[in-house]
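Asks: Protein sequences appear in the order of chains A and B. Heads up: the first sequence at position 2 corresponds to 4 in my numbering, and the numbers run straight through without jumps. Heads up: the second sequence at position 181 corresponds to 183 in my numbering, and the numbers run straight through without jumps.
Derived by calculation from the structure, the hints in this document are not laboratory data. Please note that the accuracy of each hint is not assured.
Treat identical chains as interchangeable: a pair holds within one or across any two.
[As the list claims (entries may be wrong)] Below are the EDC-like pairs computed for lysine to aspartate or glutamate, each with C-alpha atoms no more than 20 Å apart in a straight line:
1) K118 to D40
2) K79 to E179
3) K183 to E148
4) K152 to E59
5) K144 to D62
6) K4 to D90
7) K79 to D90
8) K144 to D40
9) K4 to D28
10) K152 to E31
11) K4 to D93
12) K152 to E115
There are 2 protein chains.
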Amino acid sequence: MKLYSSPRSPFVRKVVVAIHELGLADQIELVPTVVAMDQPNAGMLAKNPLGKIPVLELYDGTAIYDSAVIIDYLDRKVGCRLIPAAGDARDWVLVNHALANGLMDILVLWRNERDKPSEQQSTGWIANFGRKTEAVLAALEKQTPELEHKPFGLAHIAIAVVLAYLDFRFEALNWREPCPKLAAWHAKAAQRPSMLASQITA
Amino acid sequence: MKLYSSPRSPFVRKVVVAIHELGLADQIELVPTVVAMDQPNAGMLAKNPLGKIPVLELYDGTAIYDSAVIIDYLDRKVGCRLIPAAGDARDWVLVNHALANGLMDILVLWRNERDKPSEQQSTGWIANFGRKTEAVLAALEKQTPELEHKPFGLAHIAIAVVLAYLDFRFEALNWREPCPKLAAWHAKAAQRPSMLASQITA
Chain A
3 MKLYSSPRSP FVRKVVVAIH ELGLADQIEL VPTVVAMDQP NAGMLAKNPL GKIPVLELYD
63 GTAIYDSAVI IDYLDRKVGC RLIPAAGDAR DWVLVNHALA NGLMDILVLW RNERDKPSEQ
123 QSTGWIANFG RKTEAVLAAL EKQTPELEHK PFGLAHIAIA VVLAYLDFRF EALNWREPCP
183 KLAAWHAKAA QRPSMLASQI TA
Chain B
3 MKLYSSPRSP FVRKVVVAIH ELGLADQIEL VPTVVAMDQP NAGMLAKNPL GKIPVLELYD
63 GTAIYDSAVI IDYLDRKVGC RLIPAAGDAR DWVLVNHALA NGLMDILVLW RNERDKPSEQ
123 QSTGWIANFG RKTEAVLAAL EKQTPELEHK PFGLAHIAIA VVLAYLDFRF EALNWREPCP
183 KLAAWHAKAA QRPSMLASQI TA
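Just chain A, same shape as in the assembly (with noise of 0.2 Å):
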């Protein structure tokens, strides 16, 4: 199978965690693609009409996207190791999944918009995306010790890949001060071979 991909995607890193995680990076090739808001990807629109990676291309030539569909597709081939099949586990994981995939979310588009010239740059939106990005780190620095309790799923891989991301993007934020024991549990979840094989290349 090929994976569409870039090393400074966070969407994609989640899902290369995930092989990693899963045991299966060799059965995976990652496959460089450039993507950008302002600059369409001719090859990726013909695979994903949204231009966006990762995108996974099955042995058959079938699509699967996005990031969260990919995950889903190769956890239920090993056993539903990263994602509960049900209850209220489940829920746990898909809804801190869905908050640190938003914050991925939030954090890409106030680069975009940041990145813009300066005339361009709405102040009201860059404002509303810091206190989101507060509120979600005040979220995550309280739920802590589920992260640390709960078995190393989606959630936790997607927490611990866009804190990443903000070390990489977003360093002047410092997010490590208001939450120290976040950080604390991200220094060990950053050791893991899966997070160790996925590092952030500029």
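Knowing the structure of chain A, use the given hints to seat chain B on it.
Replies: Then chain B, alone, in the frame of chain A:
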């Protein structure tokens, strides 16, 4: 249960259609809620730190989000009627939901961008939103036979809702012109009681 909602959000409407399809309308109270890209809603940030709707609040106060997670939750309660539990059928539904949901994301961003003061608008982004929208519509037109053939589920809901959203916010695109088969399918889907019960109001 309470659903924090707005009659104009396509993400909310997706959930409301699902609630009707699952026969759960009498168990869920819709709570009108306003959120915007540049105006945080403090009450919503407390329930969902991303500050987005829809959010489903369970009887015990647990907040479930985003829209796909809410539908996953409700569908499992009732017995996997909208999202097949496994196999190719599940992959098809989840990928096509991701496609329609991704188009909602694009359209909401596009609308936010075009509603900015003209000197703040990025013409590159707007052009790219247009190309992606065309690509998604072409892909949907191509698979209208699948839509007609498969049981009405999560993908159908998302596609019916995003097409109605195009009518609501992007009438000038005239999406039916290049998509006659999709338009015929949509005309029928729009007559389902779930779609009629959740019509967009300005």
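Asks: Should K118 paired with D40 be assigned to within, between, both, or neither, using CA atoms and 20 Å as the limit?
Replies: Result: close both inside a copy and across copies, 11 Å intra and 17 Å inter.
Asks: I want to check one pair: K152 and E59. Are their C-alpha atoms no more than 20 Å apart within a copy, between two copies, both, or neither?
Replies: neither (31 Å within a copy, 23 Å between copies)
Asks: How do K4 and D93 come out at 20 Å by Cα distance, when the copy is not named: within, between, both, or neither?
Replies: Classified as between: cross-chain Cα gap 17 Å, same-chain 30 Å, threshold 20 Å.
Asks: At most 20 Å between CA atoms: does that hold for K4 and D90 within a copy, between copies, both, or neither?
Replies: between (33 Å within a copy, 18 Å between copies)
Asks: From the Cα coordinates, with 20 Å as the cut-off, is the pair K4 and D28 best called within, between, both, or neither?
Replies: within (11 Å within a copy, 45 Å between copies)
Asks: Have a look at K152 and E31 and pick one of within, between, both or neither, based on CA distance no larger than 20 Å.
Replies: neither (30 Å within a copy, 32 Å between copies)
Asks: Regarding K144 and D40, is the shortest C-alpha distance of 20 Å or less found within a copy, between copies, in both, or in neither?
Replies: Neither: 37 Å inside a chain and 26 Å across chains, both beyond 20 Å.
Asks: When no copy is specified for K79 and E179, does a C-alpha distance of 20 Å or less occur within a copy, between copies, both, or neither?
Replies: neither (40 Å within a copy, 41 Å between copies)
Asks: Classify it for me, K183 with E148: is the Cα-Cα distance of at most 20 Å met within a copy, between copies, both or neither?
Replies: Within. Shortest intra-copy distance 11 Å satisfies the 20 Å Cα cut-off; inter-copy 49 Å does not.
Asks: Could you figure out if K152 and E115 sit no more than 20 Å apart (CA to CA) within one copy, between two copies, both or neither?
Replies: Neither way: K152 and E115 sit 36 Å apart in one copy and 40 Å across, limit 20 Å.
Asks: Using 20 Å as the alpha carbon limit, work out where K144 and D62 are close: within a copy, between copies, both or neither.
Replies: Intra 44 Å, inter 19 Å, cutoff 20 Å: inter-copy only.
Asks: As a check of your reading, is K79 near D90 (CA-CA no more than 20 Å) within one copy, between copies, both or neither?
Replies: Between copies, since 12 Å is at most 20 Å while 22 Å is not.
When each numbered hint is compared with the structure, violations occur for hints 2, 4, 8, 10, 12.
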